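Chemist: Listed here are the chains, written in short residue letters.
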Amino acid sequence: MRTWLNALLSLLFTFLLITTAGAATDSATCLSCHGSMEGAVNVNKEKYEKSVHGSFDCVMCHAAPKGDQHQGMGGAAPDKAVREFAAAIAPKGLKDTLAAAACAGCHPDKVEEYKGSIHGQNVIVKKSADGPVCTNCHGVPHYIEKRPSTASKVYLFNVVESCGKCHEEKHITEKYRFSPLVMERYKESFHGRKLKLGHSGAPSCANCHGSHAIVSAKDPKSPVGSVEAKKKTCGACHPGATEKFVAAITHKPLHPIAHFTEIGLILLTVGTFIFIITHVLLDIFADIRDRLFRKGGDHHE
Amino acid sequence: MNKNIPQEIQRFDLSARIQHIIMFTTFLILSFTGWGLKYAYVEPSSAWINIWGGPRVAGIIHRVAGILMLLDFIYHQFYLLNLARKKDLRLTIIPMPKDVVDLVHNFMYFLGLRKERPYFGKFTYLQKFDYWAVYWGMFIIGTSGFFLAFPVTVSALFPTWSLAWAWDVLFIMHSDEALLAIVFILIIHFYNEHLRSEYFPMNWLWLTGKMPIEQFKHHHPAEFDYLYGKGSEKKK
Chain A
1 MRTWLNALLS LLFTFLLITT AGAATDSATC LSCHGSMEGA VNVNKEKYEK SVHGSFDCVM
61 CHAAPKGDQH QGMGGAAPDK AVREFAAAIA PKGLKDTLAA AACAGCHPDK VEEYKGSIHG
121 QNVIVKKSAD GPVCTNCHGV PHYIEKRPST ASKVYLFNVV ESCGKCHEEK HITEKYRFSP
181 LVMERYKESF HGRKLKLGHS GAPSCANCHG SHAIVSAKDP KSPVGSVEAK KKTCGACHPG
241 ATEKFVAAIT HKPLHPIAHF TEIGLILLTV GTFIFIITHV LLDIFADIRD RLFRKGGDHH
301 E
Chain B
1 MNKNIPQEIQ RFDLSARIQH IIMFTTFLIL SFTGWGLKYA YVEPSSAWIN IWGGPRVAGI
61 IHRVAGILML LDFIYHQFYL LNLARKKDLR LTIIPMPKDV VDLVHNFMYF LGLRKERPYF
121 GKFTYLQKFD YWAVYWGMFI IGTSGFFLAF PVTVSALFPT WSLAWAWDVL FIMHSDEALL
181 AIVFILIIHF YNEHLRSEYF PMNWLWLTGK MPIEQFKHHH PAEFDYLYGK GSEKKK
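Chains A and B supply the protein sequences, listed in that same order.
Here the working numbering is used: the first residue of the first sequence is 1, the next is one more, and so on.
Here the working numbering is used: the first residue of the second sequence is 1, the next is one more, and so on.
Hints should not be assumed to be uniformly reliable.
[Unchecked claim] Distance ranges between label pairs, derived from CB positions: (1) B:Leu68 / A:Ile288: 35 to 43 Å; (2) B:Glu198 / A:Pro148: 56 to 64 Å; (3) B:Ala164 / A:Val125: 51 to 59 Å.
[Stated by the list, open to error] Pairs of lysine to aspartate or glutamate residues, derived as DMTMM-like cross-links and limited to a Cα-Cα distance of at most 25 Å, are as follows: (4) A:Lys47 / A:Glu161; (5) B:Lys122 / A:Glu161; (6) A:Lys196 / B:Glu43; (7) A:Lys187 / B:Asp130; (8) B:Lys38 / A:Asp290; (9) A:Lys153 / B:Glu43; (10) B:Lys115 / A:Asp287; (11) B:Lys38 / A:Glu262; (12) A:Lys221 / A:Glu113; (13) A:Lys196 / B:Asp176; (14) B:Lys122 / A:Asp283; (15) B:Lys210 / A:Asp283; (16) A:Lys231 / A:Glu184; (17) B:Lys115 / A:Glu113.
Treat the hints as calculated values from the structure; they're not laboratory data.
Note that the structure is predicted; figures quoted are calculated from it, not measured.
Every residue, glycine too, gets a C-beta built ideally from N, C-alpha and C.
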């Protein structure tokens, strides 16, 4: 019995060796074509090697490249977590779903969080293509960089733009009944302005709403889902945040009182502006007139 | 000309001049740092704020300058009280019905409907407006600025029914009225005290506190007459 097992094992091992040796599918092999191809199949070698996954062989994610040209190429069969995740995100309709799901192989904790998030639920449960998968937020998979890098799509100062790709899109905001002003109201808030000016302490979307495990702000599980949760979330930067304090940031459209206060003050500003401009211009006019025609004006009455 | 009439007349004492210097220095710093935040999305705001040491430092500068300005304003109230105590306070800066008459007369003069400028007193209606604008600014911008600088502490003062709009109102008040103040100062004050041909590049009164008597007679004839004019034996 034992010898049989041993023989089987060594046979399997030999088989594995033969496959890998025969294919020689390291990233250099792939890039020899894909590095110079045009269009969507192009992979920029330099940028790829600079990315966090730059040392990986392509087949680690693209385990089963399609087409005759790829015959004999490929990697180890993806493990169960990847296959399951690929099946889950199939509604997204990606070209190589298996590759897009490969993240699950090394980042199972993040993927688990994602699966429970409103984004994950949208794709996995509602079978919608609207929700984002990993690459929608983290960017082109070949060029993912660490978050502190300015090239990262989830870099503090890029998050607003990344979220805005969907949350500012009219068909998405209408379909899911988001307040259409969420992004605008954030951008004009103190947080948004300071972030724009490069304040590293200013929060972007993810700082308050979370990232992989994000849920609707109406969901009590959200870090901004209840007054108590807000007190904790806001309190991280504003120690002692009270119930009244956390009311400051809502991203809701302006309340009518605030709206009409703004209109009133704009009218006051414009009115004053017109008055003083007229006043100064007439004053200049009278000054010139007196100098030209009244010889010294009323200086020596 | 009467021999008792001096060559120059004292308009502002040393304390008032120092108050003015603190006021305009803090005003300029507040405007410069605040502008970058108000127009954060209009370049080159980021570069501009970086000149001020970046958003964090600019924020601290803005707060310190704001508190200094508020202190200057509070000091001014004590200064007035002290003048009143010494019976040295004439209510020449209070807006009066005559100011409306002066305004109409001034526009008639501009349009050539009157030969002479209005019979201005110690302070013209524009100067009064300028002065009281600071009170308006302190009330609107100073209060909202104080609230926005210490939001957690101050939030306890808000009644619950105001929460849906109070923060936005404060923000709007602070930013819009600051713009009004900047526009007002930039146009009226710069024209009258800097660009006007007789003062260019500036009216040195802010340093000396004194005005040549001819200029004084020309710009504030009612006050001149009150002090030295027709049969006025220095009332008070």
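Chemist: Next step is simple, just say for each hint if it's right about the structure.
Modeler: Each hint tested on the structure:
1. B:Leu68 / A:Ile288: 35 to 43 Å: holds (40 Å)
2. B:Glu198 / A:Pro148: 56 to 64 Å: holds (59 Å)
3. B:Ala164 / A:Val125: 51 to 59 Å: With a Cβ separation near 34 Å, alanine 164 of chain B and valine 125 of chain A fall outside 51 to 59 Å, so the hint is violated.
4. A:Lys47 / A:Glu161: holds (21 Å)
5. B:Lys122 / A:Glu161: Outside the cut-off at roughly 57 Å; violated.
6. A:Lys196 / B:Glu43: holds (10 Å)
7. A:Lys187 / B:Asp130: violated (34 Å)
8. B:Lys38 / A:Asp290: violated (41 Å)
9. A:Lys153 / B:Glu43: Since the Cα atoms of lysine 153 of chain A and glutamate 43 of chain B sit roughly 22 Å apart, the hinted pair holds (cutoff 25 Å).
10. B:Lys115 / A:Asp287: Holds, at roughly 13 Å.
11. B:Lys38 / A:Glu262: holds (14 Å)
12. A:Lys221 / A:Glu113: holds (13 Å)
13. A:Lys196 / B:Asp176: Given that 25 Å is the threshold and the Cα spacing comes to 20 Å, the pair holds.
14. B:Lys122 / A:Asp283: holds (20 Å)
15. B:Lys210 / A:Asp283: holds (24 Å)
16. A:Lys231 / A:Glu184: holds (23 Å)
17. B:Lys115 / A:Glu113: Status violated; Cα separation ~82 Å.
In summary, the numbered hints that this structure violates are 3, 5, 7, 8, 17.
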